[in-house]
Amino acid sequence: SQKIEQNSEALNIQEGKTATLTCNYTNYSPAYLQWYRQDPGRGPVFLLLIRENEKEKRKERLKVTFDTTLKQSLFHITASQPADSATYLCALPLTGGGNKLTFGTGTQLKVEL
Amino acid sequence: DTAVSQTPKYLVTQMGNDKSIKCEQNLGHDTMYWYKQDSKKFLKIMFSYNNKELIINETVPNRFSPKSPDKAHLNLHINSLELGDSAVYFCASRFRGLDEQFFGPGTRLTVL
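From first to last, the protein sequence lines stand for chains A and B. Each residue of the first sequence is one higher than the one before, starting from 1 at the first, in the working numbering. Each residue of the second sequence is one higher than the one before, starting from 1 at the first, in the working numbering.
It is worth saying that the hints were derived from the structure and are not from the lab. Among the hints, erroneous ones may be present.
Claimed, not checked - As a list, the in silico DSSO-like pairs of lysine-lysine whose alpha-carbon atoms are at most 27 Å apart: (1) A/K17 - B/K36; (2) A/K110 - B/K67; (3) B/K40 - A/K3; (4) A/K100 - B/K44; (5) A/K110 - B/K40; (6) B/K9 - A/K3; (7) B/K40 - A/K71; (8) B/K36 - A/K100; (9) A/K100 - B/K9; (10) B/K36 - A/K55.
Computed from a predicted structure; not experimentally measured.
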């Protein structure tokens, strides 16, 4: 069955450094992959989408890579700030249509001063 | 001017009761979803609803039933609530042709 894995341990980094989060998947060849941010007590917020024919995508301080051979996506936040502290979820579309998403369990990022 | 709204934000009820959660989106989207986020923060799709076509995740008990009075609303009705139904329920919507989903603020359901 389709499986998504994100590092369940929290990631603590210093302000100004680059945070790198990993999303691995198995038994799956998704057409795209999405990254969302979730703050405590709130719903996920869409950040970036990368398609299977794209190697890399950028948006301001965010960068996503997609390696369909390794079945892995990396999510980078450069020049991190305390305001970037949140849980980051990767999501892939389930087979069967309807754009239903299956989510990883998320990685909690904490950016310290 | 909230894009996707849910009511109530918190819902505390006894086992065996029937309850509903309401969702409204003012984005003009034509597809809506319900997700369940359990205590381990795992977010799982329950239903998707598009132009009156309902696609149900087969793991959802039939005690859960979505109801859509119009394209802007997708309510979730739950019968005979059980302890294991305690979770945060998120509504989401999407515009056909785009893949990003917009989530509501969530409803925290606690079954005692």
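Each hint tested on the structure:
1. Between A/K17 and B/K36 the CA atoms are separated by roughly 34 Å; this puts the pair beyond 27 Å, and the hint is violated.
2. Taken as a hint, the A/K110 and B/K67 pair is broken in the structure, with Cα atoms around 39 Å apart against an allowance of 27 Å.
3. Taking the CA atoms of B/K40 and A/K3, the gap is near 16 Å; set against the 27 Å cutoff, the hint holds.
4. A threshold of 27 Å between alpha carbons decides the hint, and for A/K100 with B/K44 the separation of about 10 Å falls inside it, so the pair holds.
5. In summary, the hint linking A/K110 to B/K40 is supported, as the alpha carbons are separated by about 18 Å, within the 27 Å threshold.
6. Simply put, B/K9 and A/K3 have alpha-carbon atoms about 31 Å apart, too far for the 27 Å limit, and the pair is violated.
7. Pair hint B/K40 plus A/K71 holds up; C-alpha atoms about 24 Å apart against a cutoff of 27 Å.
8. Our distance criterion of 27 Å between C-alpha atoms is met by B/K36 and A/K100, whose separation comes to about 13 Å.
9. Taking the CA atoms of A/K100 and B/K9, the gap is near 24 Å; set against the 27 Å cutoff, the hint holds.
10. Between B/K36 and A/K55 the CA atoms are separated by roughly 31 Å; this puts the pair beyond 27 Å, and the hint is violated.
Checked against the numbered hints listed earlier, the structure breaks hints 1, 2, 6 and 10; every other hint is satisfied.
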